[in-house]
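Asker: Just so you know, the protein sequences line up as chains A and B, in that order.
For any residue, its number in this note's numbering is found by taking its place in the first sequence, counting from 1, and adding 459.
For any residue, its number in this note's numbering is found by taking its place in the second sequence, counting from 1, and adding 459.
Don't read these hints as lab results, they were simulated from the structure.
Treat the hints loosely; a few may be bogus.
Identical copies carry no separate label here, and so any pair may be met within one copy or between two of them.
[Stated by the list, open to error] Result set (EDC-like, lysine to aspartate or glutamate): computed pairs, CA atoms no more than 20 Å apart in a straight line: (1) Lys526 - Asp501; (2) Lys685 - Asp560; (3) Lys685 - Glu695; (4) Lys526 - Asp560; (5) Lys526 - Glu553; (6) Lys526 - Glu538; (7) Lys685 - Glu538.
Note that the structure is predicted; figures quoted are calculated from it, not measured.
2 protein chains.
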Amino acid sequence: MPETENFTIDAFHRGRFHLFQPAVKGHRAGVDAMLLAGAVPDGFSGTVADLGAGAGAAGFAVAARCKEARILLVERSAEMVDCAHRSIALPENESYAGRVDVLQADVEATGRQRVAAGLSDNHFDFVIMNPPFNGPRDRASPDSLRRDAHVMTDGLLERWIRSAAAIASAGGSFAIIARAESLEEILAACAGRFGGIEICPIHPRPQSAAIRIVLRARKGARGMLKLMPPLILHEEQGRDFTSQANAVINGEQSLFAV
Amino acid sequence: MPETENFTIDAFHRGRFHLFQPAVKGHRAGVDAMLLAGAVPDGFSGTVADLGAGAGAAGFAVAARCKEARILLVERSAEMVDCAHRSIALPENESYAGRVDVLQADVEATGRQRVAAGLSDNHFDFVIMNPPFNGPRDRASPDSLRRDAHVMTDGLLERWIRSAAAIASAGGSFAIIARAESLEEILAACAGRFGGIEICPIHPRPQSAAIRIVLRARKGARGMLKLMPPLILHEEQGRDFTSQANAVINGEQSLFAV
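Go ahead and model the full structure; you've got the sequences and the hints to work with.
Answerer: Rendered as structure tokens:
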């Protein structure tokens, strides 16, 4: 059992929910999870799978804004699953009782293994994911041919998106937050699985390239790809969030509201 | 020979160049060609192929801003080739003499046919293109499977981008303006050919989805994809262009200047 002093309890959405999470940097939820949660529309009332949920940040953020949504936090790491359980058990989160649950499972499991792990096919009305950035794909490849072919990663996004497509219901929705440079790989992984793609670029400042994209799509949909107005996190100067970023991060507005 | 009354002579870049073009709507150059030209950086001094050049709008716009660039307008239609020749011959365009030329050729020609048509392999320092939007790909496909597989077009973009990659020099640049929903197809066509992709979304108004993208890349480059700050054409209300759109459209600023 972990030492209590290595963990913190943090307020999100202006105190509407709290997370029990490791004090160690790199495992702590932040802006990315809040932006991902913003992809779920106001009033959504179905089932949500939060893949790679960590301590539950994105899933709780959806639960906090969408009062009838039921969330399954899916996480492989025993330590983070423990954090998620402790988050659910916090007295501050009492109002979410029965709407947020945890499943220890590997998102990359396939076929019968995935079903046996508790992730049923064609089941979830919305699948959200904030896949890890610090896999092997962050290391520069010594094989220049692979890079030339735009195989920038080790296929993690392909495997995660394949699982998302399997467990999403027919017509169910999907959202991912990822680095902007992963756009090609994500679009390739969505092809034939998710359509009606909407992309919201996340720019740190008005005149800087996007650092993240939030991409939303629907299983089996046929709509055309849309490049939505971007979200700008900060003005050109200063450290404050823009009013729009603040509203999304604090669960007062969904990301694709415009 | 066409009747003179069916043609107009129009000023672009605040009168810095003129185009002789059909009076008929649909064949007239406009904002798209100016935005495409904006993808060529200030001070560029190499050779440019403008594929599907029409009367020469984008090519002339590059020539007007980049005083040492040499432009080859590549166009299949005899009528538009005639317009391009007449544009070059206009007294108003005297200052471009010797820097802008025309080649009647089919961009979709391949291999030796393309070379025989006058488009040498590995030759151009910058290839720009504004492919036609009104091909068969604009008709809804009766075959839902094709649409499901994100084969949204008839492959025109793949064929045009293949030609661009063939005629671009090693390390040469490429730029395309296209409908935003063509992003997936363009990225797929660039894979293994062009890298270091930069995408500038073009939004009609701040709160509307992008209607166009200008995508720029380099042959054989390995850099990560970048999603650049968008260009907004108009404010939320009114018909005037924003100051940034005006500057790009009038050749006072390149599109990726930020």
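Asker: Confirm or reject each hint.
Answerer: Hint by hint, here is what the structure shows:
In this assembly of identical chains, the alpha carbons of Lys526 and Asp501 lie at most 20 Å apart only when taken from the same copy (9 Å versus 53 Å across copies). Taking the closest pair of Cα atoms, Lys685 and Asp560 never come within 20 Å of each other, the shortest separation being 33 Å inside a single copy and 37 Å across copies. In the homo-oligomer, the alpha carbons of Lys685 and Glu695 lie at most 20 Å apart only across protomers (19 Å), although the nearest pairing inside one protomer, at 26 Å, exceeds that limit. In this assembly of identical chains, Lys526 and Asp560 lie within 20 Å of each other by CA distance solely inside one copy; the values are 15 Å within and 65 Å between copies.
For a Cα distance limit of 20 Å, the shortest separation of Lys526 from Glu553 inside one copy, 13 Å, qualifies, whereas the shortest one across copies, 69 Å, does not. With identical chains, the CA atoms of Lys526 and Glu538 are never at most 20 Å apart, being 28 Å at best within one copy and 63 Å at best between copies. Within a single copy, Lys685 and Glu538 get their C-alpha atoms no closer than 38 Å, and across copies no closer than 35 Å, so neither meets the 20 Å cut-off.
When each numbered hint is compared with the structure, violations occur for hints 2, 6, 7.
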